[in-house]
Amino acid sequence: MASLGDLERSVMTLLWDSGQPLSANEVCEQLDDDLAVTTVLTVLARLEKKGMVQRERSSRPHRYAAMATREEHTVEMLNEVLGTAPDREAVLARFIGGVSDSEAASLRRILG
Amino acid sequence: MEPLALLLAALAVILAIPVPKLLHTARFRTRSPWATMLLWQAIALAGGLSMVGAPIVYGLSPFGSNVPQALSTAVRLTLDEDYSAMAGLQVHPWHLFCLCLGLLLGGHLLLTLARTYARVLSARRRHRQLVDLLSTPAPHGDHGAETQIIEHDAPMAYCLPGRTNASSITVLSRGLLNTLSEPELAAVIAHEQTHLKQRHHLLTMAFEAWYRALPWLPTTRYGREAVLELTEMLADEGAMAEHSREDLLRSLALSSSEAGAPGAGSPEDTKPLGAGASSEITGARLQRLLVPARPLSRTAVTGLVSASLALLAVPTGLLLLR
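Protein chains in written order, with numbering that gives the first Met the number 0: chain S, 0 to 111; chain W, 0 to 321.
Just to be clear, a hint being listed does not mean it is correct.
What the hints assert, rightly or not - Label pairs and their in silico Cβ distance ranges:
#1 Gly111/S with Ala312/W: 31 to 41 Å
#2 Arg54/S with Pro17/W: 52 to 62 Å
#3 Glu279/W with Leu13/S: 44 to 54 Å
Said to hold, decoys possible - Pulled a few chain W residues facing chain S out of the computed Cβ check, cut under 7 Å:
#4 Leu70
#5 Asp131
#6 His151
#7 His194
#8 Gly282
#9 Arg284
Note that these hints are calculated values from the structure, not bench results. It should be emphasised that the depicted structure is a prediction, and the values quoted were computed from it without experimental measurement. Here a beta-carbon is modelled for each residue, glycine too, at the ideal position from N, C-alpha and C.
Produce the entire structure from the sequences given, and follow the hints as far as they go.
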């Protein structure tokens, strides 16, 4: 039995790859695992709460779509990691922290 | 109590302005990062305590000869609305003004600390959600289950602290995996895991909040930068305990944002590592990796530790003295 986290990832991957809104039944069919529709609905509800998917209430059954593309979310993450605004909270410490680009370039020259 | 208020005010000013200014560039910080880190933490605590304590002690001065007793008298007289007794004690409006000022400042500092903590925590939680959905666990068992890989070409590595060490993760990009060799990668991971093991995010939190609370005080920025720099030096030491200096240096050189770009880093003049090689490098973190600094003597470290303990004990002791 896959964990909820793994299921969330496979559902998101499916929604990202399909590029169009899917109903819980369609998600269930397209996932290879032998999953109950209720499980898929639980996963979709969790993803909706996290702000990862959007539910289209106009149609019956409700369809779910990814809020943003995989690339957009990656950019959101990277902005946090690479963000250079001086008064940004230090949420994350980057490995290269405190080393400027020109220093790294000099270091590359020194190391050859 | 007026001399005590004056003493605390002087301590507050010294710890807020000249001390951070001198310490954030002090040479010895690279020779014993952990003792310097201890000193910074003591400065932040003692500085905050004396900054808040000075006006409160002055405000309480007519009410008694020591802080606990004066505080209880002030509270009792206020609750009883005993204005004639207050007049007898010669309570001046300035005393009340300073008392309120101290309490407000203390509240402001504590609230900012709480708010910063909450904001950083929620930003990390959101980031963790994205990592969980977008990354895949590192294939190598020896890196541990807590290493995740995100699909991106820019070479980078960072750590994401969780509530416990077990829920903390190290994140590497595909670009970094493609750029670094196996031993270099292991050094990076050891660096990140030292951050997590030593809970560096907790050591920087107070300074983050301090900076948010008093951004007009230039030294709060020094403190924040100095502490971040020290965590990197400590993590470098952790990495070098198991991996070679060369691997760590090479991985640092290759994980800057320019390194991935074509044509970057022309391997023309190769110099031996050591003195001279670092002349064009100004950052202290790289300097001490290139030319390892002699660790501080035992006496100097004992001095730094004693100074830190004294900084913590003196304002606290003065405030509680009977």
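Hint-by-hint comparison with the structure:
1. In this structure the hint that Gly111/S and Ala312/W lie 31 to 41 Å apart at CB is violated, the actual value being about 52 Å.
2. In this structure, Arg54/S and Pro17/W meet the distance hint of 52 to 62 Å, their C-beta atoms being roughly 58 Å apart.
3. Between Glu279/W and Leu13/S the CB atoms are about 51 Å apart, so this pair conforms to the stated range of 44 to 54 Å.
4. Interface hint status for Leu70/W: violated, as the beta-carbon distance to the closest one in chain S is roughly 35 Å, over 7 Å.
5. Nearest Cβ of chain S to the Cβ of Asp131/W: about 6 Å, under the 7 Å cut. The hint holds.
6. Here the hint on His151/W is kept, as its CB sits about 6 Å from the closest CB of chain S, short of 7 Å.
7. Because the closest C-beta pair between His194/W and chain S is about 6 Å apart, less than 7 Å, the hint holds.
8. Here the hint on Gly282/W is kept, as its CB sits about 5 Å from the closest CB of chain S, short of 7 Å.
9. Residue-level restraint check for Arg284/W holds (minimum Cβ-Cβ distance to chain S is 5 Å; threshold 7 Å).
The structure fails hints 1, 4 (numbered hints given earlier, in ascending order).
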